[in-house]
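Protein chains in written order, with the working numbering: chain A, 1 to 146; chain B, 147 to 312.
Note that these hints are calculated values from the structure, not bench results.
Possibly wrong hints are sitting among the right ones.
Stated by the list, open to error - Listed next, the stretches of chain A that the computed footprint assigns to chain B, with coverage defined by at least 3 CB atoms under 8 Å from CB atoms of chain B:
1. 46-60
2. 73-83
3. 121-131
Bear in mind the structure is a predicted one, so any value in this text is a computation, not a measurement.
We treat Cβ as the ideally placed atom computed from N, Cα and C, and that holds for glycine.
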Amino acid sequence: MRRVALVSICVVTVLSLTSRQAVALEVQITAVEASYDGPSDPRLLNMRPRLRRLVGYRAFRVLQDEKRNCAWQSLAAFSLPGGRLVHVMPKGMRDGEVMMHVQVVNGPRSLVDTDLRLQNRGYMLIGVDDDVHAPGILLIMLKAVE
Amino acid sequence: MAERVMTCEEAAPLLDAFVDAELEGATLIDVARHAASCRACDGTLQERIALHETLGRHGRADADSVDLSGLWTALEPQLAQADARRAWRRRLRSAPVWGGALAIAASALFFLSGPQQATPPTRVAVRPNQAVIERIDSEGGRFELRRERKNGTTLIMVSAMGDDLP
């Protein structure tokens, strides 16, 4: 009887550890067009003052919003308006921080290639200033939730 | 004899010099040893190293945008205490013999008054969007790092055309 209980505990432990490893990181990529004037998207009203302080533009419009589960140590590609790509590779968790490799690609050119640690459930921004959205810019919001 | 480990108050003012490799060998090792055992200082150090590298590669990176205000808010009371302690030690060293007797009496009083509340270790508050850039690169485009103070929201701004950034 004791042996059965012991084996059960081991199986449960292994299964729980395995399932924990298998739990993917939820990555949300939101493409936002920032411009000097025009209406702002209601979804961004809460963060509009923060965005204004960071980038200096007044109006923010969501172009695309995609949320996806990304497996650890696997590269996931998010397509953005204008033919750009965001590559995200979640590398691991440490002390409540998500370690990731993030790359923004425009054709053959890597605009940003970075390794970073982001607070779990936090988000960061990548702003791309090019002629596609001129006189505005493209803002890429990246959120990670374990 | 056990080696004395540097405290956060002692390490904090040396972090910039550490990153710039301006410290003497022994101090350099002390700071490195402290950072290895202190997550807060290690985080600060990593941030500064990343920034240092970014500035080195791209002279236009905006050093002023790095927000260390939270760190200094947390460290200032500790630094003030450390300064006060140092000032007292200097005064005691220059005091006459009766000063020594007074110090012994004060020590006895301190000892008899029971255990003191230990000073809690310095902790830097983690902000909800805090991000640490460990490495960053860009093919041709100009970029800079900006950080919002309240939530620590980080922005990597890149100019794909190589123009000045808005």
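A quick look at each hint next to the structure:
no. : hint    : result
1   : 46-60   : holds (count 6)
2   : 73-83   : violated (count 0)
3   : 121-131 : holds (count 11)
Violated hint for the displayed structure: number 2, the only one.
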